[in-house]
Structure formats: structure tokens, C-alpha cells
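Chemist: Listed here are the chains, written in short residue letters.
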Amino acid sequence: MPPFDREFFGGEGVLEIEAPTLLALVDRLGDLAPDFADQAEARAAFAVDGVFAPDWTRSLAGVEEVVLLQRVAGG
Amino acid sequence: MNKLLVSTTVNGDPQQFLCDPDTSLLDALREEMDLTGSKEGCGSGDCGACTVVLDGKMVCACLVLAPEAEGRQVSTIEGVAEGGQLHPIQRQFLEHGALQCGFCTPGFIVASKALLDHNPEPSETEVRYWLAGNLCRCTGYDKIVRAVMDAAAELRQDRRTAA
Amino acid sequence: MNAPENKQQFRLVGTRPVRPDGVEKVTGKAIYSPDFVAPGMLQGAVLRSPHPHAHIRGIDTKKAEALAGVKGVVTGQDFPQAADKLVAGAESASNLRWVAQKCMAIGKVYYEGQAVAAVAATSQAIAEAALKLIEVDYEVLPHVIAIEDALAQDAPVLHDDVFTQGLAEKPAKPSNASMRFAIERGDAKAAIAGAAASFTGCFTLQPVHQGYIEPHACVAQWQADGQAQIWCSSQGHFAIRAMTAGILQIGIADIRVHPLEIGGGFGGKTTVYLEPVAMLLSKKAGRPVRLTMKRTDIFRSTGPAPGAVIDITLAAAADGTLLGTEIEFKYHGGAFPGANEVYSGVGGAVGHYRVPNASIVGWNVLSNIPTMHAYRAPGAPQINFAVESAMDELAAQLGIDPIDLRLKNIVHPGEPSASGVPLGAIGYAEALEAAKAHPHWSSPVEAGQGRGVACGFWGNYGGPSTASVKLGEDGSVLVTEGSPDIGGSRASMAIMAAETLGVAYEKVRVTIADTSSIGFSMVTGGSRTTFATGKAVIQATEGVIEQLKDRAARTWGVDVAVVTWEDGAAVHGDQRLTLAQIAAKTGTTGGPISAEAVVDPHDFLPGFGVHICDTAVDRETGHVLVKRYTVVQDVGRAIHADYVEGQMQGGAVQGIGWALNEAYVYDRSGKLDNAGFLDYRMPVASDMPMIDTVMVEVPNPAHPYGVKGVGEVPIVPPLAAVGNAVSRATGIRMHDLPISPDRVYGLLRAAE
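Protein sequences, first through last, are from chains A, B and C. So the first sequence is residues 94 to 168, counted in my numbering. So the second sequence is residues 191 to 353, counted in my numbering. So the third sequence is residues 1403 to 2154, counted in my numbering.
FYI, nobody ran anything at the bench for these hints, they're computed from the structure. Note that the coordinates shown come from a computational prediction; the quantities given were computed from them, not determined experimentally. All residues carry an ideal CB built from backbone N, CA and C; glycine is no exception. The reader is advised that the hints may include incorrect statements.
Some chain A residues judged to face chain C by a derived CB distance under 8 Å, without partners named [to be verified]:
id : residue
1  : Arg99
2  : Gly104
3  : Gln132
4  : Ala135
5  : Arg136
6  : Ala140
7  : Phe145
8  : Pro147
9  : Leu162
10 : Gln163
11 : Ala166
12 : Gly167
13 : Gly168
Looking at chain A on its own, in the form it has when it is part of the complex (with noise of 0.2 Å):
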């Protein structure tokens, strides 16, 4: 999950966390770091289980892992 590890989880690469939803997750992860909260909407980005997910709504139900990307910018 770089960058965004070393800047708001203490360069933890991996983190279990049950999460009904990717909303729910986002929750989760503000939980732990307020900062990611206010900047998730706008830098994060998803995939599930190796899909980009850009609706957070949809259910994790079953999914084993979320990667969590930084935006990139295109020209």
C-alpha cells in the first residue's frame, strides 16, 4: 500500500482488517489514521481482489485482499 504506509501506518505494508464494505474499510483505516481519512476521497484507490473498485459501496463479502493504490495522475 504504498506510499501511503509510510505516511500514515507506521510503514505497515499488510494490515487485517474486517470491513463490511470499502467505505466501512476507509472507516477502519481513518480509525487508525485520521490524517488518511480527510485524503482517502481524493488520493486512494482500490482494487479487490486484483479488480480496480471504484465504487466503495460494494460488499467485501468473501474478498481476501483489498490493494490500496495511490492515484496517478495522467496527462
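Go by the hints and put chains B and C onto chain A.
Modeler: Structure of chains B and C alone, referenced to chain A:
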């Protein structure tokens, strides 16, 4: 500072306008005559977006003072198509997709017409050097050069047909 | 080139019709930013700092305000205090605190050319005369320009509240290094130590400009009731609205941004520089105000792309298998933090190869130059220059054909990308095979020339877009979208709508609507428009087809489920109603037909390119001439083939300019020495050969017509393709861009 009255001919039509002595022909065309087809990309004669023809000679309108147009013939992009009929260069630009953003296109078309008016059968190298004063940042010039070469061929064919 | 198993046949996709906005653009009628006129409009002018770094002690505008004809003067004090606030309007977030200061200095100037005051007056001449009457009291500060200078112990620090992000521990002191970002996997050091072949080198690049020919310009009108309109060209008028509203702290619905035709952007027109200033001037003056940038101001104050210092080691086994890499690079960030290029530089460095052991560290380094802004595949060409140069060195060391070396190491579908997300249906191998089969690659290299090859990729993007499709009573089709047409996208949208509906291309007309007339659409950037806005257009078209089928079903008194849509008509058995027939009857079948679609797709795919370049080097002058150039790229599927080829050719030539000529040159006082097209030398027609293109079509299965982003990929490989060609022509590795005549001359003399 009093304004000067300039009487000139633009695309065959008589035009009179008032301008400051240091107004460029480009600003006079764009601001006084609403002929905004000639573009300002640099204001220093480096990009060719403002290319017009003054008494048969291709110039950057940003480097010509408006009062210099007194009594002379100015041809701009607005005069290239005749009525509703596109010039073959304009049509070839469209058919080749030789424009992307289109901002430099008027300058390229006026410059290309000036080339073909005096050299009906230019080589690729001649086209590239003639157009070296016109900057295009989108196309890489490939399709522009092809469009001009094909327009030249089409015009030669037209002339043969007419003769 | 393409042979997908279920090859679809299309009527229109892949053809080359004349673009719908073509005639107005070849006749000079199209209205670009500097062409727009509002009734009663005032002319504005902007005063810019002559110093690269200074405190503003005070600004006295009284004399300017007293000049006859002056209607308003604005300084940084008129800007609402902009605290840290992120807005997402483009793909990545922008911090309004910094965006505001790119429009107008607030208390301090950070680069030569930063705006410090602006005037609106009844004529341009009066506005410019008024600028001369504004007195700015500067306390000049020491400045720093170059990356390594900005990192020196005694360097002037630009911001006392910017601390390096991305370190394990929060640093105690502020720094010009605003960010560190790294990817580590495996054990790079050990892998390199045990490798049969390795290359180590340092590569440098200077900042370059996007170089769009249309200057930034806008007209703003901010009324007494708080409502405002802005007319300007941009890559995204919704982003202009979001940033202007955020900086000026007014409501989104109170600003209506009208998109004018855009004369090039390449990433550089995804932000505001003038709009908030023109708005404040208009509010003071009570009239619309036009602001237009001069070319020198564009170079001095708008977004260049980062210069870089890149240290790389790349190592391979004897058979060419890449084993490991260590890369540490520093990119220019410019005056303010927030530049994004480091992320893509780290992620994209070796993202096109399987490299099991990698340590890639990137730094964003602030200095007294304009803040970096996106330029076509932002952050990728710089790092790619180093990586693909190193690949060329390894190929030479190991005696392996440079294309074969790449084929041995490339990523394939299903393998993890740099971010860890698996790659979808990419066509990288297909592109390399097509390059290898191209007559350019097999032709003998002419005497005195060198041939270089380089690969590159860009991730592309999707994101939100809105489109609506309406039927005219005569059966014509009106598409409305919110993505500015920067290179022929109206034609692509018309092709996709006409293909989907089964009607003639000429029946479809496309409008780019203002921010109040169509729903949110992200910027035309990130190579997303034909993909994402195309999806919106197709979806809205399908919505119209559903309604057409419903009208036909009800006309025939059958269930809609048994009605199909074929070749522009509703069909049930031997009954048939064309689109035009149904459209003519809407008055008695339930009213007009239209549909809107809002999409936010993220099933985009990256694009991969392979470039081959032949150069001749004049040993007397050091001048490099590109003799032959071929661009091969996986384009997914070309919707309008001319404009796909045009992207490939234009991107390649921008990259060639970057390789050979273009660079920001600063003098000792921190002023830009070449702020004009004469001295900032972009490629002209006589510099270039024809640019041959090969469109390799490996469709994106997530798009109805297989679209992948095309526009950004082609600027990534040319830097190294040119560098490798010159290196092979001279026998000297090119480490530093631009490969200008003086540099080549010096290297040749030193080698003698």
C-alpha cells in the same frame, strides 16, 4: 496618442480601421476586423500561427505593423475557401486527419497555399522546409506534409483538366 | 496486424471519416480561448515577479488604480485565505493552497514569472501601462534551481512547513525534498552482485514544456448576485469549475464554465492559472474581463515537466533474464509540493518487465521554478530513458538482439503489474513481434547511422464521464458530452454512436456542453476520453435503442422482448421500423426520445509501445538528424484510425524534441533564459522524417469496441530510442538530455 486610419484590402474586400501606430497587423485583423482565424501563438514570429499573405508575400502578421497594410492586399485564412467551397488544401487536411487541436491549422493552410501558388510541384523536402516556420505540436507533421503533397497533385490535375 | 479469434466486423469503427468539427477548423471559424469576446469586455494584464525567490513586503496599487481606464486591480490580498484543501477534479487531487498561488503570489514569490498583481482596463494598452505603475516592495531571497543544488545542506529552503513525506520517521527539519516514494521487492543488491552482466549509469534531464501553441486565455464574468460564467479552453471545464470555486470559495452551481475549442494541452491545461484572477477582476470591475498569457509568461509560469537525475543499476543473467535493479531518482517538483510524477516514475520504471529483485526510490525536489504539471504520461519518459538505455547496454554486453532481450523479459497478461494488480489483455508481446517483423527493423543500417529501439508503457485511465443521446424528429442523432475535443474525439464519439445505432456517421452530431448543461466529466487526459466517455456515449445510445424498441413494440402491439435492433431498425419477424420512422412518430407514441449515461469505469488497460529510430550524426557539428522512425503500439482497437496514428506520430515527435533539443535553461540569477519558441527549440517539419506507424490491435474486452488509451504511450519510448540510436551511431553512451549539437560535439571531441 491619436489613432491612425488605415485603408487596406482584406481577402479582396476594402477595409478601413483605426489603430494605434504600434498595433500589429495581427491585432488589427483579430480585434478590429473580427478575423480571428489568424492566431497568436507567440507574438514573435516563431510559430507561424498568424501567417497571412501581404501583396503576394507570406508574412507573420504579428511582425507587421497594421499601418503597413495601407493600400496593400492582405489574404487571410478567411479568404482561402471560395464561398462555401473548400480549397483543395483544406479538404486534404480534413481527409488526412492532418489536424488534431486545429489551432495551428489556419497558419499551415495559408502557408501551404502560398507554397503551391508559386511551386506547384514541391518535393517532400521543399514542403518540409517551406513549412519549417509553422509549429505544430500535435501531429508530428507527417499527415500535414502528406496533405500538402496530395493537394499539390490534385491542383496539378485540376489545371491539366482545365487546360 | 490483429487476428483476434472472434474478429468482429464493423461498419464504421476503424474507418477515417472527416471529423464533424473539421470545416470550422480549416476555415479559421473555430473559436479558441483567445478568440472569445463578451459584450462590454475589459482587457486584463498580469504583473509578474522578476525575482525567483522573494518576500513581498508590500504592493502599492494606488497609482495604477488612478489611471484613466483602469477598472480594477487585484493582488494576492484579494484571494480568500486558502488553507490546505484537496479537490479531485482531475485524476489526482490538487491542493488548493498551492493552486491558488500558481494563480497569484500570496505574500511570497517562489519563481520568476509568478503573478503578483493584475489589472483590468478598457484597453490592453491601458492595462499594460497600469502594470508599470504598480510598486512591489520585494525582499529578495537566495534562490535555487537545480535538483542537486536544492538538496545541498546550505540550500535555501522554499517552505518552512514542508517536511519530507514518506520517510519512516517524520523529519525534524523542513526540506526541499517534499516526498520520497519507494518500491522494494526481493534483494536487489544480492541479485546484482551475482549477475553475469550489469550496467550502472547516471542519467540527467532538464525540465521541458508541453508546448501547446494556443496560449492560456479566458473571459470571466462575475455578477453582483454572485453568479459567474467563464469562457475558456481547457482539458476539462469541470476541473476549472472545481478549482475556481474552491479557490474563491463560491458554490459550484454559481459558476458556469463554457468550453471553447482547445489548441493543445498535453496535460498542461488541466489546472487554473488565469480563471480565478479574471473572476476577481470582473467582480471588482462589474464587467467581463479577458486575460491572455504571452508566450514568455507561459514558459515562465505554467507547468513544465520535471527535469531529473537518475542513478540506475540493471543486471541480467547470461541468457538475458533480468535479475535485479537498483534505481534512485530525483525529479524536479518546482515551487510547490504535490507533483505526481514520482509515483508514476517509481511504478512505471520497470513495470513493463519482470524484475524479481527491485529497489526503486524516487524523490520530489522543490526549487525556484514553476510547479511541475502533467505532460503526456507524466513522470514516465524520464525514468524510461534511463531504464531503456540500460537495456540497450545489457543487450550490447550480452550480444543479444535488443528486441529479443525485451521479449525475454516482458510482462504478460495475468502477471502482476507494478501495483500488484494483475495485467489484463495487454498486447505487449504482439507489439514487439510486430516491430521485429517490420521492414524497418530488418533493413540494413546505413553507413554512418545508428539504430535504436526502446519500449515503454503507460497505465491509462478510466474515470467519470457523462453523455446524453437525443433523437431529432427527422431521425438525426445528437450526442452531448463533457469531454473537450483535443484531437478528434467528436469523430470517435460519432463513430461509436453511429456504429451502435446502425445509422450513417453523418447522421450523428456531437456537442461538448458547458458545466451546467451536461453532468460531470473528468478531464480529457490520462488517455481516458475515447475509452470512458466513449463508454458513456455507447451506454446512452443503448438507452435510446431500448426506447426505440419499446416504441416499435407498442406500435405493433407485441412484447418488447421479441423486438430486436438490427442495422438501424426495430425488427420483429418481417416487420421493420427504421430509426427515422420511429423518430417521426414520437409525438404520438409517448414523446421525445433521449437517454443519459453516467459512467465511472476502471476496467481500462495499459498500452505498450515499441519505437525504432535511425539517426545520422554530423561529426563536424554534433548535429543529430532522425532519418527514419517507426512507432508500433498496442492500441486496443482504433476507432478513428487517422487520429490514433496522429497520437502515435505526435507523441513520438514530442519525445524526439525532448531527446534532441528541448530544455529549460536558467541563468545565474534564476531567470529562464529561453522563454520563447526561438530559443526553446521544438521540432519543426524540416527536422522530421515521416513517422511510420503500426497499430497492433489487441482489444480491451471490457470496452464494447475494444478501446485502450492511446495518447500518452507514444511519448514514453522516444527519449531512449533516440539516445540508443545516437549511442550506437557514435559509440558513446548518451547519458544527458538534450542530445544537442554542442553536447554531442563535446563528447565526440573528448573521445578522439
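Chemist: Each hint: holds or not?
Modeler: Do the hints match the structure? See the list:
Using the Cβ-Cβ criterion of 8 Å, the hint placing A/Arg99 at the interface with chain C is satisfied: the shortest such distance is roughly 5 Å. Using the Cβ-Cβ criterion of 8 Å, the hint placing A/Gly104 at the interface with chain C is satisfied: the shortest such distance is roughly 6 Å. Taking 8 Å as the C-beta contact cut-off toward chain C, the hint placing A/Gln132 at the interface holds, the least distance being around 6 Å. Proximity of A/Ala135 to chain C holds as hinted, the smallest CB-CB distance being about 3 Å (cut-off 8 Å).
Taking 8 Å as the C-beta contact cut-off toward chain C, the hint placing A/Arg136 at the interface holds, the least distance being around 5 Å. At about 4 Å, the closest approach between the beta carbon of A/Ala140 and any beta carbon in chain C falls short of 8 Å, and the interface hint on this residue holds. Hint status for A/Phe145 relative to chain C: holds, with the closest Cβ pair at about 4 Å, below 8 Å. At about 5 Å, the closest approach between the beta carbon of A/Pro147 and any beta carbon in chain C falls short of 8 Å, and the interface hint on this residue holds.
With a least beta-carbon distance of about 5 Å to chain C, the hint placing A/Leu162 at the interface is held under the 8 Å criterion. With 8 Å as the threshold, the beta carbon of A/Gln163 comes within range of chain C, its nearest partner Cβ sitting at about 5 Å, so the hint holds. Taken as an interface hint, A/Ala166 checks out: its beta carbon lies about 4 Å from the nearest beta carbon of chain C, inside 8 Å. Checking A/Gly167 against chain C by beta carbon gives a least distance of about 3 Å; that is within 8 Å, so the hint holds.
For A/Gly168, the suggested interface contact is upheld, since its CB lies about 3 Å from the closest CB of chain C, less than 8 Å.
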